[in-house]
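Going down the list, the sequences are from chains F and Y. Per the working numbering, the first sequence starts with residue 1, numbered consecutively. Per the working numbering, the second sequence starts with residue 113, numbered consecutively.
Derived DSSO-like pairs: lysine-lysine, alpha-carbon spacing no greater than 30 Å straight-line:
no.: 1; chain 1: Y; residue 1: 154; chain 2: F; residue 2: 13
no.: 2; chain 1: Y; residue 1: 169; chain 2: Y; residue 2: 127
no.: 3; chain 1: Y; residue 1: 170; chain 2: Y; residue 2: 183
no.: 4; chain 1: Y; residue 1: 127; chain 2: Y; residue 2: 170
no.: 5; chain 1: Y; residue 1: 217; chain 2: Y; residue 2: 183
no.: 6; chain 1: Y; residue 1: 217; chain 2: F; residue 2: 13
Reference excerpt, derived from the structure (chain F facing chain Y, CB under 10 Å, subset only):
no.: 7; residue: 3
no.: 8; residue: 6
no.: 9; residue: 37
no.: 10; residue: 47
no.: 11; residue: 90
no.: 12; residue: 98
It should be emphasised that the hints constitute simulated quantities derived from the structure, not laboratory data. Ideal placement from N, C-alpha and C gives every residue a C-beta, glycine not left out.
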Amino acid sequence: EAGVTQSPTHLIKTRGQQATLRCSPISGHTSVYWYQQALGLGLQFLLWYDEGEERNRGNFPPRFSGRQFPNYSSELNVNALELEDSALYLCASSLAGQETQYFGPGTRLLVL
Amino acid sequence: QQQVKQSPQSLIVQKGGISIINCAYENTAFDYFPWYQQFPGKGPALLIAIRPDVSEKKEGRFTISFNKSAKQFSLHIMDSQPGDSATYFCAASHSNSGYALNFGKGTSLLVTP
Numbered sequence: 001e002a003g004v005t006q007s008p009t010h011l012i013k014t015r016g017q018q019a020t021l022r023c024s025p026i027s028g029h030t031s032v033y034w035y036q037q038a039l040g041l042g043l044q045f046l047l048w049y050d051e052g053e054e055r056n057r058g059n060f061p062p063r064f065s066g067r068q069f070p071n072y073s074s075e076l077n078v079n080a081l082e083l084e085d086s087a088l089y090l091c092a093s094s095l096a097g098q099e100t101q102y103f104g105p106g107t108r109l110l111v112l
Numbered sequence: 113q114q115q116v117k118q119s120p121q122s123l124i125v126q127k128g129g130i131s132i133i134n135c136a137y138e139n140t141a142f143d144y145f146p147w148y149q150q151f152p153g154k155g156p157a158l159l160i161a162i163r164p165d166v167s168e169k170k171e172g173r174f175t176i177s178f179n180k181s182a183k184q185f186s187l188h189i190m191d192s193q194p195g196d197s198a199t200y201f202c203a204a205s206h207s208n209s210g211y212a213l214n215f216g217k218g219t220s221l222l223v224t225p
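Given the sequences, and given the hints that come with them, work out the whole structure.
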């Protein structure tokens, strides 16, 4: 069975641009989580989507947003990119109401 | 504010030795404590997890010890192997937040031959 997939694997943008990252959860999983892994800051929770709705949000500005589609895949959008947004963005999925999260390989975003 | 504090930052252990990584938390609402292993260029992979009603959980060479009163938990890797060389993250979450994970800063483990 396929795990969590993310695309693209790498993304290079310049300051002020917008980035769109995509995630497909494990089949049957309805919850999708996004995390940022920045150098020196560790792994930080960004957003949680379940059944198409944003359910919880970490301590990030509103320019970090996303959505979940009817097939439970998800998209993370980062507007007005800043240099410090350079990081590995990880997506994880879980079964509804379950605590175990499975991570994808991540999208490495570089902002120049 | 770091809700989960992890130590040490890095660890070097000889092959066959025991690797021990410690974590502490403040939020007593946390009710799920997983450990993740991450290799360079990969996403974190779930290693083992525990709930606070259990003081110890063992899976193969990996053991979690949990001390609810001290709000601490630790990962022990027995008979450490070079293939265990990776970064290890402890985390904590609670059902009220949909189990959004609060991670420690990670421990870089190197197991020497």
